Amino acid sequence: MASIRELHQQLIQKERSAVEVTQEALDRIQAVEPTLHSFLQVTAEYALKQAQQVDAKIAAGEEIGLLAGVPVGIKDNICTKGIRTTCASRILENFVPPYEATVTQKLIDAGTVIVGKTNLDEFAMGGSTENSAFQRTTNPWDLDRVPGGSSGGSAAAVAGGECVVSLGSDTGGSIRQPASFCGIVGMKPTYGLVSRYGLVAFASSLDQIGPFGRSVEDAAILLGAIAGHDPKDSTSLNVKVPDYSQFLIPDLKGKKVGVIQETFGEGLSPDVEKSVRAAIQQLKELGAEIVEISCPRFRYGIAAYYIIAPSEASANLARYDGVKYGARAENADNLMEMYTRTRAEGFGAEVKRRIMIGTYVLSAGYYDAYYLKAQKVRTLMKQDFEEAFKQVDVLVTPTAPATAFKAGEKSADPLSMYLIDLMTIPVNLAGLPGISIPCGFDSDGLPIGLQLIGNVLREDQVLQAAYAYEQSTTWHQKTPNL
Amino acid sequence: MIDREQVRKVAHLARLELSTAEEEMFTTQLNGILDYFEQLSELDVTNVEPTFRAIDASNITRQDVLETHSDREAILESAPDRDGEFFKVPQIIATD
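First to last, the sequence lines map onto chains A and B.
Under my numbering, the first residue of the first sequence is numbered 1149, with each subsequent residue one higher.
Under my numbering, the first residue of the second sequence is numbered 667, with each subsequent residue one higher.
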């Protein structure tokens, strides 16, 4: 499938219509969906209607934006008005939002064509998309393996050519890790750059919506379209959004790139280490100065995160009580029974587990020992990053310690699943922008991701480094055989 | 360490009905996870302020302007049970 700019040229030069482009995406979805299972719902009729509107504009001689007519997939924890939004949970199986999320409203206004809602780990809790209550999404590079998670559907859909770009959400790595596993680009912006209005809340101090694309440029264009201040989100930052395209320069002269030493220790797969080391060498050849950086508290991220995120989740998910929307258990004799049974039937094991962890660490007598302590550790981790960014422009790490694992491999041991987020979690805890870009393949032919991290609101630095690297390599041009 | 009785108590606080198998599973798993959290005690956090928000944007206010939602019926229609313009729930006050 073409890039956003290529599609735009084809549309304005009338080589193809938006309806033809959309139909091609829908045909592709029909062909590969029986293997990939990326989508929980394909919105064919809606998509074709959106495409017709773009064609009408072109026919009328009106100017169209870059994203007009571009097929996009939306993670199914982002509310789309009148279109079922399930969070891959039984409890929201039939939920039809009466309002539109800010990000999707912006995409609709930009003329994008929403082709469907993508699969995820239930309520975005997981790293493999296996926690979906409805289906298992496969990794397009090896169908026996997971696509990563929690935005596994959005990643597999882009990698499998079912749409040009997609939206995901990233609380502890849920965009970057599946991007890495599926061999595409995925970016988590600075906390507050993109409005969370309409994103079903998981951990409110960490959640952030971001783009997936097959190139850094596509991801940058999509980011530009969704970023910006929103009065409907009190954590939304009131900053001017730059045109991110201007930072796509294939040169790193004068830039300083820091390598976080602590991410190259025990537990890192040798193939991943080899590719990431080679990528760092490549950044050097592009003109960057490489600096060794120590973030001694980096490894405490997982422990702090699995206290903070479940705490926030246990509070956020208290709203699923079977009263105003969502499913309700039948035959409850009283209100308490209705609550406990509705939640027992509606939530899957991982969601229950996190509600249990969160409720426990917040309960009387444990608050200081767990929650408060974790938030203090978060301060220390932030300080490590602040020190690092006094010395360098961007930081580099592997995105994940290993490549995509086999389905079922980590299901029995939740802690082993949590450990995959080792490299990505600290970035959320500090609210920083981070991107994962393809940087090679392991001996099994599975994609490897390189993570680039920037300082607060320095998406420009992250995108420039990512673009320069990408343009000097060919990893992003490889596509899976489906 | 968390025991079976505490798991039951936490489940009640979280309004979750757990099966016997789930109680058993969560007791084992939560112990493993809480054990993992112990590594945080390696860090000295004396005099360290907590970070509740990664990027501080506190006290953001706006005018509280009354707006009519465009589709009231769609909101009511989302409810599992309703009676006209009310959300309907099972009996709250016991009669016995």
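If you're looking for bench data, these hints aren't it; they were derived computationally from the structure.
Among the hints, erroneous ones may be present.
To be verified - Beta-carbon label-pair distances, calculated as ranges:
no., chain 1, residue 1, chain 2, residue 2, range
1, A, A1497, B, P756, 21 to 31 Å
2, B, F718, A, E1414, 25 to 35 Å
3, A, E1437, B, V731, 25 to 35 Å
4, A, Q1178, B, E751, 35 to 45 Å
5, A, K1401, B, F718, 32 to 42 Å
6, B, V731, A, E1478, 33 to 43 Å
7, A, Q1625, B, E739, 45 to 55 Å
8, A, D1292, B, V731, 51 to 61 Å
9, B, T734, A, Q1178, 55 to 65 Å
Said to hold, decoys possible - 25 Å max Cα-Cα, derived SDA-like pairs, lysine to any residue:
no., chain 1, residue 1, chain 2, residue 2
10, A, K1229, B, D730
11, A, K1472, B, L742
12, A, K1380, B, Q672
Unchecked claim - Some chain B residues close to chain A (C-beta under 10 Å, calculated; not the full set):
no., residue
13, T686
14, E690
15, Q705
16, E739
Please read all numbers here as calculations on a predicted model, not as lab measurements.
For each residue, glycine too, the CB sits at the ideal point set by N, CA and C.
Here is what the structure says about each hint:
For the pair A1497 of chain A and P756 of chain B, the beta carbons lie near 27 Å from each other, so the given range of 21 to 31 Å is met. Between F718 of chain B and E1414 of chain A the Cβ separation comes to about 32 Å, which falls inside the hinted range of 25 to 35 Å. Against the hinted window of 25 to 35 Å, the Cβ-Cβ separation of E1437 of chain A and V731 of chain B comes to about 52 Å, which falls outside the hint. For Q1178 of chain A and E751 of chain B, the Cβ-Cβ distance of about 42 Å falls inside the hinted range of 35 to 45 Å, so the restraint holds.
Taken as a hint, the range 32 to 42 Å holds for the pair K1401 of chain A and F718 of chain B, whose Cβ atoms sit roughly 40 Å apart. Under the hint 33 to 43 Å, the C-beta atoms of V731 of chain B and E1478 of chain A, about 40 Å apart, fit the expected range. Distance hint check for Q1625 of chain A and E739 of chain B: the Cβ-Cβ separation is about 50 Å, which falls inside the suggested range of 45 to 55 Å. For D1292 of chain A and V731 of chain B, the hinted distance range of 51 to 61 Å is satisfied, since their beta carbons lie about 54 Å from each other.
At about 41 Å, the beta-carbon gap between T734 of chain B and Q1178 of chain A misses the expected band of 55 to 65 Å. For the hint linking K1229 of chain A to D730 of chain B, the alpha-carbon distance of about 24 Å falls within 25 Å, and the restraint holds. At roughly 8 Å between alpha-carbon atoms, K1472 of chain A and L742 of chain B fall within 25 Å of each other, so this suggested pair holds. Taken as a hint, the K1380 of chain A and Q672 of chain B pair is broken in the structure, with Cα atoms around 39 Å apart against an allowance of 25 Å.
The interface hint given for T686 of chain B is violated, since its Cβ lies 13 Å from the closest Cβ of chain A, which is over the 10 Å cut-off. For E690 of chain B, the interface hint is violated, the least distance from its beta-carbon to any beta-carbon of chain A being 13 Å, above 10 Å. For Q705 of chain B, the suggested interface contact is upheld, since its CB lies about 5 Å from the closest CB of chain A, less than 10 Å. Annotation: E739 of chain B was flagged as interfacial toward chain A, and the flag holds, the nearest CB pair being 9 Å apart, inside 10 Å.
The structure fails to meet hints 3, 9, 12, 13, 14 from the earlier list, while all remaining hints are met.
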